[in-house]
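Participant: Take these sequences, add in the hints, and give me the full structure.
Residue numbers (this note's numbering), protein chains in the order written: chain A, 224 to 548; chain W, 10 to 546; chain X, 695 to 971; chain Y, 13 to 527.
Since the hints were made in silico from the structure, they are not lab data. On a predicted model such as this, the values are computed, not experimentally measured, just so you know. Yeah, the Cβ is synthetic: ideal placement off N, Cα and C, and Gly gets one too. Any given hint could turn out to be false.
[Said to hold, decoys possible] A short, non-exhaustive set of chain X residues, derived as facing chain W with CB atoms under 8 angstroms:
| no. | residue |
| --- | --- |
| 1 | MET706 |
| 2 | TRP731 |
| 3 | GLN732 |
| 4 | ALA798 |
| 5 | ASP799 |
| 6 | GLY801 |
| 7 | MET803 |
| 8 | ARG858 |
| 9 | ALA863 |
| 10 | ALA864 |
| 11 | THR865 |
| 12 | ALA867 |
| 13 | SER870 |
| 14 | ASN882 |
[To be verified] Computed, partial: chain A to chain W, Cβ under 7 angstroms:
| no. | residue |
| --- | --- |
| 15 | SER441 |
| 16 | ASP444 |
| 17 | LYS450 |
| 18 | HIS463 |
| 19 | PHE529 |
| 20 | ASN530 |
[What the hints assert, rightly or not] Which stretches of chain W does chain A cover? Using the computed rule of at least three CB atoms under 8 angstroms from a CB of chain A, they are:
| no. | region |
| --- | --- |
| 21 | 99 to 112 |
| 22 | 121 to 134 |
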Amino acid sequence: MDTFIAVLSRIAKAVLTLLAIAVLNFFLLHAAPGDPAVVLAGEAGAADEQMIAQLRERFGLDQPFYVQLGKYVWGIMQFDLGYSFRQGMPVSQLIMERLPATLILTLTAFFISLGMGIWLGVAASARVGRASDSLLTTLALLFYATPLYWAALMAVLVFSVWLGWLPAFGFETVGANYTGLARVLDIAKHLVLPALTLGLFFMAVYMRMTRASMLEVSQMDFVKTAKAKGLGGAAIRRRHILRNAILPVVTLAGLQAGQLVGGAVLTETVFAWPGIGRLMFESLAARDYNTILGVFIVSAAMVILFNIITDIVYRIVDPRIGARS
Amino acid sequence: MSTLVIDHLSIGLPEGADRPLAVEDVSMAIEMGQILCVVGESGSGKSMTANALMGLLPPGVTVEAGKAVFNGQNVLDLPESRKQALRGAEIAMIFQEPMTALNPLMRIGDQIAEVFAAHDRFTPSERREKALHLIREVGLPDPEKIIRAYPFQLSGGQRQRAMIAMALALEPKLLIADEPTTALDVTTQAQILKLILDLRDRRGMAVMFITHDFGVVAEIADQVIVMREGKVVERGVAADVLGNPQHDYTRRLLDAIPTGKLPAARAPRDVPALEIKGLRKIYRTGGGLFKPVREVRAVDDVSLTVARGEVLGLVGESGSGKSTLGRTAVRLVTPDGGQVMVGGTDLAALSDEELRRERHKVQMVFQDPYASLNPRQRIMGALTDGPITKGVPKARAQERARELLEIVGLGAEAASRYPHEFSGGQRQRIGIARALAMDPELIIADEAVSALDVSIQAQVLDLLRDLRERFDLSILFITHDLRVAAQLCDRIAVMQKGRLVEIGTVHDIFLAPQQDYTRQLLAAVPGAGWSQESAGA
Amino acid sequence: MWKRFASNIGAMVGVVLLIAVIAIAIIAPMLYPGGPWQMVQRPFLVPFTMEAYPLGTDTLGRNVAAQLAYGAQVSLLVGLVSTLVALLIGVPLGAVAGFYGGLADEGAMRFTEFFQTIPNFALAIVLVAIFQPNLTSIILAIAIVSWPPVARLVRAEVMSVRKREFVDAATLAGLSKPRILITQVLPNTVSPIIVMASLMVATAILLESSLSFLGLGDPNAMSWGYMIGAARTVIRSAWWLSFFPGVAIIITVLALNLIGEGLNDALNPHLSRKGRA
Amino acid sequence: MNFLKTTTFLVAAALAAPLAAQQDGGRLDIVVQPEPPGLMLGLVQNGPTQMVAGDIYEGLLRYDTDLNPMPGLAESWTISDDGLTYTFKLHDGVKWHDGEDFTADDVVFSADVFLRETHARLRASLAYVDTITAIDPLTVEFKLKEPFGPFISVFETGTMPIVPKHLYEGTDYATNEANATPIGTGPFKFDKWEKGSFIHLVKNEDYYVEGLPHLDEVYYRVIPDAASRAVAFETGEVDVLPGGSVENWDVPRLTAMDGVCSTGKGWEFFAPHAWMWMNNREGPTANQKFRQAVMYALDRDFMKDVVWNGFGNVATGPVSSKTNFYSDDVTIYDHNPDKAKALLAEMGYDGEPVRVLPLPYGETWQRWAEAVRQNLAEVGINVEIDSTDVAGWNEKTANWDYDLAFTYLYQYGDPALGVSRNYTADRIKKGSPWNNVEGYENPELDAKWAKAATLVSADERTALYAEIQKEIVDDVPVAWLMELEFPTIYRCNIHDLVTTGIGVNDGPRNAWIEE
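Facilitator: Now the structure itself:
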């Protein structure tokens, strides 16, 4: 019940936050130099006043700013993200076409980085002070310091160009028309490099956090209690330390998972991954306001969604939360 | 027959520690069915000895010499797997902090059952049965519910009982209890001590009981070992050591214990320094969009007076509202109702700005010597910030600060140093000097000696007694420890659940308590019988 | 504290590396008076073939070594200034929220949460694109997306320090609230802020390079990210053009992280990662 | 070359010769960059749309690499001697991809109704048109108000795409649902558009030219990163890199691979011509001497050799040497920093900073701007590069907010279509980056441009254009940089890919793959 109520109030807050984001970004984007009508006209290879006026009218740009804003916000409240004149389709449809690719990429990267990060963090903490621990922590620092796009370029160079093991880019083999399992495998093959390069940085983050958290928890009194019971080192780590140590890691990860959705621009660009990050970036150059705003709202909604999921998970895992407040 | 014999044990500390050996050449023996109390102040090496037996020494700390024979084998150089098999099954241990000693994410029942699992005993359903049985044995209510509860749902005393249940699970021959009651309220402490005594009688196991409190020793010990800086200074049968201490240190420790010897009552003057009338403070929690508000009446219609030159003791267990009352009296907490009259001004009614000008009238000495001084500020700053704000010229304030540091026994040169250069007792002295620097009409001392070792505690109490004479101080002395209150105070007020239960002179409270709760408190004081004996002697 | 820091090998390696980078940034104009844009040799000169241009030349025949040296200036500048700006936003906000609590806290935290809900990198991209890419807009954009964690950290620290008894003592001394906040509370939050700031500089350098990589760098300021962005299309034929600046970024970011971690260990010994008791 | 005479052009017999060797079938993967915003060619005419939709839609005519018209939807055509009446005989049996018959009504609807509303560039040419009528279902007649020299060049697919009347008449063109699934008459049908990934076209089995197309399907691949595009070609993912889809530095490496061919042909109709607009209205660039100094300061041979890797030619003036009416009888600006400095001293340049606005089309252009900055800095001009994206570039140039701005424009086969728009005073209009953005005003030349457009005789036009070029080059309204060349890179087993003046845009029509 408490959880349910907490989620409800979170959702209520979320709606307000989303509206605020819509309004803020609306202001931001409209402050930007560059008029979508001029851009579109420009791209047509020729433009005259008649054409630009037509376009402005069609985009609603001829109306006063507050009318545009009002209409937009009114639309948002009815789950209408507007129409992309550049792409010639409703923004929600546009985003829905692209969102699955982004979700596949980011969720894969997320789970890989979280799983590997925790696993390596636990391994490092179990060998604290030894050479293997130093090696792992140094590697993590290195991943942490490596620009993601640079790692991506290098990975393509090695694994696609030199070794030819993996496709360099794209979502699936174009025109192969695979179905069923074959298609899944095909997508998985394309997913390896982008998911790894995207996940590398976060893996380093989670590993370092897990390690630190494990070491901190291992000093707590209840660990001593567990030892005094006669439990073995592995059982203590698994049953007592790990469970307590990964809570903060999972929380942070949950907060970041949402951010990943909107933050995969670089990866999507380098690997030609047809997701919403790239859609946003490309729409930006075209001043396709509705699409950019739509991506912002959807990815902010993702952030909120993941926060709520994290919260629920946390409430399930940690019995103290629900009762405390 | 000795269950455990420790023979010339020495434990080395890592390089850079304040001394090379944590424990030096310690020998002791515990007989079956006996309770051996290891007594000492912090840093005496008493816990290290216990940890060494359990193989729980922190990294860097090693056994340098000696052996500990248990069951005919030296447990100190057993391979890790054998030690592991011993832990929990043959030797069990309970710890000081019941709040942190249980895994917060595991149900109590699972944590108990885990002991069986660790030693591969019984089937899961049997383990549950056994756990239920143990929970019943340590006197926890509603075992079926407790077994499914998480630690946070239990009180401190209940958690300690759960810990004991865990320790007893495999009927160990030796129970090591490391300050198991220190973090508990007196009444709870008394119950736990009784439980341990009962279990010892019923099961006939040996108990190594580590404590700093001679009151507790008096309550349960058969044998006593007194340790100081890693060495055993005195040993013997409990009654002998308590009644006829041989070693100087033991004697000093025993002397330092507030014995409950009642000082001569002073006639209170009827000029009030502080008058509290109908004070109320209610804490509200929850109250979100959909949540009901929960109210806790921390201070519930309390009225009392502290006369000029009087020390009034305010005694109660945790959660009784005594600290809230103190903080309300200085208006660190704004009351929901009532008056706090100091020198004719109602502090409770002042606006923030007016209050700031009146602040100097009431000052406070805090509990935690480590948190009550700003680590990034020199002592001089701490002592002069207030007076200067109050309008005292800077030079005058600094002169006074140096003077006060001399008075509290630190020396004027302490002014230019930082807090971390001082020990806990010294910091409490600084805290007292800081309060005095404001020339207050009233000082509120909130558990001002509770965090200190007994011998230090005695010194600080002496200082307070001394200052009180010298400056004719009015003090509201808040403490959970009746014995401490008895030493310093003229009158004592007892609080329970936000209400004032009883107020009276020290003699009246100790010798003729009117209320049940007061009587309970008095009865629960460890070593009460013994100390009254000695008081009579 | 300094002793503890100095005994940390990693941290000392970080300090040495960072000093080297700073030194290079400072002496760049003396080493290469012609600036980073001067076309000095034939394009695509392979590294280690001409002594005068040990790291080769780029697509226009510009000296890669000179570009790296000047790039250090820009990358460090962006990292430092944007961190400073982020601190200027985050510290007061977090401090006020944590110290005063109540409505101020509620408001400040809603505001912070709001900024944390917008995907960071996307927001940075939009901001830079909107204000047009130049050093000012890049620094501002980085600061705007990186202050919320500062505010949260400062708030948490202030809330914990606020509960300590010496703050009560200061209140009883009659000090005003703002004065208590500034002279008593904030000085005790400095250590974690310093640690975080050193890591933020590293993150800011990475962020700047990512923006540059997407073509949102300042074309008048030679930065490492700008070099990689410019070179990525020729990565196959001229690996050194993206390799050297990439290594430069890794080294600098690594150094800052090592220092940050060393500071953390030194300033917050109870969280020491060595696992001492 | 003189197509103003009555001409009938039939399918050349010569085309039949290699037919024997041609193989049917196969799939072609072509890079398209950036992803087109839409495929309805009547609504959107930017480069990528022209390339993809050029296979779906068709114009009445096609043009060979010498810019001679060839049959498209029109089987033959006649032009009256006075140059006022153009009559087109349409192919028989042409069907729209949805099965409807294609008729002269579609042509009239497209040119007279649809494109007049939606196609700004064509609208300028249609201003010369009096009436467009369907004489019978297979005959269309255009009547002009006055002769318009380049009129025969406006029937190319991208300039005058023929759109289906039965789908668009009476609808709101911009939001018509058919836009998402374009229906044309071309050799390939639209199948699927996976946004952000690829566009799939399949062979039009009912195509009206016997034996065409040879290919079964064409994939236009969207790969946003230039380096990835190169990798895609290397790893065999794609078969064709149209001009400009990889950076020039990559071209030598890619063409050196086994079995890879390249051609500079296929851009003749567009003849992309690059220059920097110099703001003639204000600042140092308003001074003719300053503009001349800029020309002398620029080392354009270096730019060609290094920035463009040797592709293209240094431009001598406003008209590309690849189009007709080019004249080389003009002042030549060589790289002469001393002369530039002298000119600057003469005008009394005070070091006022000058902003350069690069074209945000990738690294080549960025490097080019950097090279220009360095050249100008060497003669003492203070230069700062303004950074911006495509939208900002459009905005700034359209609103004249720049000092020097890179651009390149297509010439569309005739100075009257693609050149004069950038120099005549009547084309000074805010809001568009495709006109006289520099603000050059020269009434005398304006009159000559106008006259040259309406002359019927080609010789007379040539002479007049030569005169214009000579004069305008001395005025330096803009800093002409280069005639760009975008090599198309493809695998050598692909044949007949580039056979027309618009290259890959209608290349798949004739292309075939040798197994």
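Participant: To test your reading of the hints: which numbers does this structure violate?
Facilitator: 1, 2, 3, 4, 5, 6, 7, 15, 19, 20
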